[in-house]
Amino acid sequence: MAGRGRGRRPFGTDPSISRGEGLPPGLQQPTPVFPVMEQKPLPLAGGEEAEYLLALKQDFRGVMKNLPFFIKPAAAQRDVQRYSDKYHSSEQTNSLTDWNLDWRRFPRELQVHIRRRVREGLAFSTMDSSVPVQKKKKKEEEEVLLKLETLEKKEEHEQSSEEEEGGVKKKPEEEEGAEAEEEYDEEELEEVRGQQAWVRTTEALRV
Amino acid sequence: MTAQEVRLCGLLLQEHFGEVVEKVGRNLLKSGTQNLRAIVHETGLSVDLVKKSLCVLMQHGACSFIQGRKGPGSPTEYKAHCDRMLRILRYPRYIYTAKTLYGDTGELIIEELLQRGHMTMSNTVKTVADRLTQSMDEGSSMDYGEVSSTFSKLVETHFLQRCPPAVGAGTTGSSQTANSTSAAPASSTAPTPESFPDCYRVPQVTLIGRSKRPLASEEGEDQRNAKKAKMDPETHGDEGIYWQVNFERFHQHFRDQTIISAVANKLDQTSSEIVRTMLRMSEVTTSSTAPCTKPLSANEIFRSLPSTYNIPRHILDQYLTLLVDDPMEFVGKAGESGGGMYIVNLNQALANLARATLESIVQERFGSRSARIFRLLLRKRHLEQKQVEDFAMIPAKEAKDMLYTLLSQNLVQLQEIPKTPDFAPSRTFYLYTVNQLPTARLLLQNCYKTVANLMERRLFEAKESKRLLEKSQRIEAILASLQASGAEPEQLTEVEEMITAPEKQQLDSLRLHVNKLDSAENQVDETIFLLESYISSSTKPTSFLNDVDGMWLERKAHFDLDDTARTLRHNGQKVERYTKETAGN
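Protein sequences, first through last, are from chains A and B. Using full-length UniProt numbering, you'd call the opening residue of the first sequence number 1 and step up by one each time. Using full-length UniProt numbering, you'd call the opening residue of the second sequence number 1 and step up by one each time.
These are calculated hints, taken from the structure and not from any lab test. Nothing here was measured: the structure is a model prediction, and the numbers come from that model. The reader is advised that the hints may include incorrect statements.
Heads up, incomplete: computed chain A residues facing chain B, CB under 7 angstroms, no partners named [claimed, not checked]:
#, residue
1, PHE34
2, LEU53
3, LEU54
4, LYS57
5, PHE60
6, ILE71
7, PRO73
8, LEU110
Dumping the calculated DSS-like pairs for lysine-lysine here, alpha-carbon to alpha-carbon at most 25 angstroms [as the list claims (entries may be wrong)]:
#, chain 1, residue 1, chain 2, residue 2
9, A, LYS139, A, LYS153
10, B, LYS126, A, LYS57
11, B, LYS471, A, LYS72
Cβ coordinates follow ideal geometry from the N, Cα and C atoms, glycine included.
Use the sequences and the hints to build the structure in full.
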């Protein structure tokens with residue numbers, strides 16, 4: 001029964017085309033992604049204004065990439081600790097730390113408190129990936145310092161008074177180093193490790 | 001927030017703020033208003049990154065926060081603004097307009113504010129002065145006073161406005177909203193910047209001096225310092241007053257420019273000058289949503305014409321009559337006093353411009369004969385198939401094909417009018433029709449999709465040749481450093497030869513493609529602006545009370561607006577405006 005149903009009538013019951021009068025063939029597959037265009041589009045508007053706008057746009061994009069508003073996702077963790085990591089990690093710490101927000105205009109809950117020391121709970125942000133390493137570092141520092149002190153004492157007994165003064169000078173320096181743990185940097189640790197290695201070799205040579 | 005708009009916003013955020021902000025922005029757009037925990041959970045990012053992204057979005061006005069929407073203890077909720085994100089497409093046009101109106105200083109001010117979102121006046125002035133000094137000759141530097149005066153001019157002409165003070169941020173919380181009547185919960189929409197009386201007042205800023213030219217040796221340090229917002233020991237008396245770009249004012253300017261150029265194309269230069277004068281005179285008296293300008297008498301127009309156009313009075317009258325009689329209806333006559341009162345029909349002009357855009361789109365996609373059918377249907381509203389063939393003077397078969405093509409693209413609709421209760425095909429009228437507003441909306445979504453496709457293609461092209469681009473960047477850096485340290489030309493040619501000839505060709509063609517795609521985005525944005533203006537001018541303004549109150553009022557069966565205005569005290573300003581208007585009528 002034509003027209004009794006609730007749905008719209010299908011294409012074929014349109015009175016203006018009679019059957020067999022060149023109905024378009026049915027679709028056998030999805031329409032092509034880039035269909036052939038019968039009419040080519042007009043060329044782009046050129047001219048000074050368009051070029052200037054283009055230059056402005058590209059400049060703007062370039063500048064935005066360097067502002068502190070451009071948040072790069074945390075770099076993927078490498079499988080092995082590499083030497084260049086200590087130079088790369090300093091590049092990433094430039095965002096938000098150099099953008100002083102006026103916290104009167106933002107809700108308090110968005111403040112990120114950056115703590116140098118060990119955080120309560122797990123460290124979520126992988127940008128400060130040095131945090132869990134600090135715990136390990138401290139233990140290593142303490143071991144290293146103890147070893148150095150014992151070695152120093154041995155040296156003092158063996159050497160003359162002039163070198164004793166040198167050794168005494170070294171001691172207060174290292175005590176200061178032990179107190180300022182928070183600012184202990186990876187570089188200093190490597191120096192200490194280097195010293196430790198040097199002391200070991202000299203010991204080996206002596207023996 | 002249609003799917004195409006969300007996709008385009010995502011791409012824009014990714015290009016300008018990075019992928020993290022894009023994820024957060026997309027999530028907010030799709031899910032509406034959400035609190036921090038929900039965003040963290042849905043995006044799967046770390047809490048710190050989400051917090052930073054929200055700060056970035058709020059700094060640029062793309063997101064706003066509401067506290068205590070569901071009562072005093074509820075968490076802060078964040079809402080993204082899709083239309084604000086889409087404005088990023090139009091930034092180059094804003095900067096260029098500022099350049100044409102206020103020179104290089106104005107251009108740099110607008111550029112800085114667009115890059116940073118919100119800034120204080122003193123900060124802006126200092127940064128712009130530094131930038132100008134860098135590009136000036138050795139020995140001269142930019143005076144802060146000049147930059148400040150340009151800034152004040154921009155504020156006076158309303159191109160810049162103050163940011164509205166934050167609602168309930170920081171310590172005191174929503175003290176104002178807590179005292180509101182219990183009729184409605186705390187105000188859920190932020191007040192517009194214009195609802196504050198100080199919106200366009202320039203603060204007293206003590207900023208005297210000249211910008212310092214950085215010494216050559218310290219340039220690296222200075223640049224790093226410039227990037228870090230140092231705690232400046234000197235305050236300039238305008239702390240806490242932040243400025244933002246007033247996009248609505250720029251849009252008004254663009255609209256006026258479009259009307260003037262349309263008149264110039266259709267009639268001649270003198271008529272466009274007359275229309276320009278009329279629009280300039282009504283800049284301050286017309287609000288941005290007014291359908292037409294205030295009536296101007298012919299005498300006033302004659303007096304305000306620029307001195308270069310010495311046309312006698314009767315010629316001016318003839319021009320005005322010509323403009324009024326023109327079928328485009330840009331100018332209308334509103335009365336006879338003062339030698340004739342004339343208005344510029346802004347909404348009508350926008351509708352005509354949008355109609356011309358639609359017609360030209362159909363012409364370029366389907367051919368001039370389909371465009372003839374489309375124009376016919378726009379003018380004659382409803383036509384049967386037979387009538388279309390007759391009026392368009394196109395043979396039946398071709399007319400049928402074209403109509404069905406347009407129908408399948410949704411540019412033309414079919415209206416059935418039955419003669420009998422059963423919709424028997426032989427006894428029903430089938431009328432073809434075109435509705436301008438829905439068609440404009442459809443084509444606007446198409447434009448968004450186009451821009452998103454262009455951006456994706458550009459990103460794809462850049463990604464394909466990423467290795468090559470990086471190599472060329474490194475070589476350019478090496479060249480620059482060699483030149484700076486004074487190297488011999490042989491060394492320079494040696495470095496240049498590191499890029500082989502086919503690579504150079506590849507780079508050139510890549511650059512050409514990227515420029516073309518970028519330029520195309522700018523052009524599509526012009527169409528987007530026109531269609532958006534038309535749509536927003538023709539949809540009636542929604543209830544002047546904020547959403548919640550609107551809903552509450554709709555639930556009441558009958559209400560007297562005057563009474564309601566008096567009782568709803570917490571919508572103070574908007575209500576005052578309404579009562580003043582009703583009292584005035």
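Results of checking the hints against the structure:
1. Taken as an interface hint, PHE34(A) does not check out: its beta carbon lies about 11 angstroms from the nearest beta carbon of chain B, beyond 7 angstroms.
2. Interface restraint check for LEU53(A): the shortest CB-CB distance to chain B comes to about 5 angstroms, inside 7 angstroms, so the restraint holds.
3. Given hint, LEU54(A) at the interface with chain B, holds; its Cβ is 5 angstroms from that chain's nearest Cβ, closer than 7 angstroms.
4. For LYS57(A), the shortest C-beta to C-beta distance to chain B is roughly 4 angstroms, which falls under 7 angstroms, so the interface hint holds.
5. Here the hint on PHE60(A) is kept, as its CB sits about 6 angstroms from the closest CB of chain B, short of 7 angstroms.
6. Hint status for ILE71(A): holds, given a least beta-carbon distance of 5 angstroms to chain B, under 7 angstroms.
7. Interface restraint check for PRO73(A): the shortest CB-CB distance to chain B comes to about 5 angstroms, inside 7 angstroms, so the restraint holds.
8. Look at LEU110(A): its Cβ gets to within about 5 angstroms of chain B, closer than 7 angstroms, so that hint holds up.
9. The hinted pair formed by LYS139(A) and LYS153(A) meets the criterion: a straight-line CA distance of about 22 angstroms does not exceed 25 angstroms.
10. For the given pair, LYS126(B) sits about 23 angstroms from LYS57(A) by alpha-carbon distance, which is consistent with the 25 angstroms threshold.
11. Proximity of LYS471(B) to LYS72(A) is assessed by CA-CA distance (about 22 angstroms); at most 25 angstroms being required, the pair is judged to hold.
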